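Whenever a hint applies, use it, and build me the whole structure from the sequences.
So the protein sequences, as listed, match chains L and D. Using the working numbering, read the first sequence as starting at 1 and increasing by one per residue. Using the working numbering, read the second sequence as starting at 1 and increasing by one per residue.
No false leads were slipped in.
Sample of chain D residues lacking proximity to chain L, with all beta carbon distances greater than 10 Å (derived): (1) Phe28; (2) Gly29; (3) Thr34; (4) Ser37; (5) Asp117; (6) Thr118; (7) Arg119; (8) Asp123; (9) Tyr125; (10) Pro126; (11) Val128; (12) Glu132; (13) Ile140.
Covered stretches of chain D (chain L as the covering partner; in silico rule of three or more C-beta atoms under 8 Å from a C-beta of chain L): (14) 15 to 27; (15) 77 to 91; (16) 104 to 111.
These aren't lab readings, by the way, just hints derived from the structure by calculation. In this text, all values refer to a predicted model and were calculated from it rather than measured experimentally. A virtual CB, placed ideally from N, CA and C, is assigned to each residue, including glycine.
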Amino acid sequence: MNGDDEPLPGGNDPDISLLRPYLLTSGRAQPIDHTLEIEAQVLTSLLGAASHPKLTFEHREIVSLCRTTKSVAEVAALLGLHIGVARVLVADLAGLGYVVLRRPDTRPSQDLDIIERVIRGLEAIR
Amino acid sequence: MDSKPFAEPVAVTVRPPAPVKIVIAGGFGVGKTTAVSAISEIRPLTTEAAITSVAAGIDRTGHVPSKTRTTVALDFGCITIDEDVKLYLFGTPGQDRFGFMWRDLVVGALGALVIVDTRRLDDCYPAVDYFEKAGLPFVIGSTSSTARSRTSSTTSAGHWLSAKTSR
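In structure tokens:
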């Protein structure tokens with residue numbers, strides 16, 4: 001697991017960053033699990049919470065943020081990360097056991113139960 | 001993951017909800033972000049996503065030599081449907097770019113909403129073509145400058161899903 005050894009001052013500035021986005025991942029553009037969805041749910045594990053002090057800053061920020069469940073896309077937006085960078089970092093953390101993931105069910109579009117629940121949910125807010 | 005039995009969630013009683021998603025597409029400035037805002041329970045968030053080098057080649061930054069950005073904005077919002085389902089709405093980048101970003105967005109989506117501005121009908125065809133090729137069910141919603149309201153966005157999404165279920 002490389003890519004977690006770059007302490008970069010100013011790299012978390014969402015507005016102006018002199019860093020190339022993928023420096024945080026040591027240039028890796030693909031997550032270790034390249035199927036990781038941007039809507040996948042990320043929740044910090046007990047191990048991740050316990051390991052928090054020794055994590056590198058970019059991993060630490062994600063572990064802190066995901067004490068309540070967030071999607072990969074929210075991780076990217078809230079930490080000012082490039083979405084591809086967020087996918088790489090989250091997949092790394094999941095591989096290390098520092099976060100647990102809830103992935104979308106496969107072929108949810110075939111699942112009438114889910115669709116009906118979504119309809120009810122949408123109708124409830126109008 | 002399976003080889004890490006010690007990876008228990010920090011809040012053991014909480015199981016993350018199953019994520020589902022709907023893609024919202026359409027031409028530039030047609031109101032995708034407005035549609036996301038109308039339904040989302042969070043302030044829509046924006047993140048940046050890389051475009052492919054192929055797309056970068058056709059990026060219409062034209063003759064401005066200092067313009068080297070190769071990212072596009074991705075807007076999204078979410079709605080908690082119930083305790084175990086969370087719906088994400090992804091507004092696609094408005095530009096005519098259909099690289100990895102769209103593939104990531106479309107895989108596993110419940111369906112798509114294509115928003116059409118009737119004054120610029122042609123703008124919607126790239127999205128329509130893409131969803132047809134991808135086999136993703138979609139509906140068309142039209143906007144005009146007077147019809148963008150919370151009610152219309154929400155009800156059209158609901159009607160579309162109802163239609164899809166009864167098919």
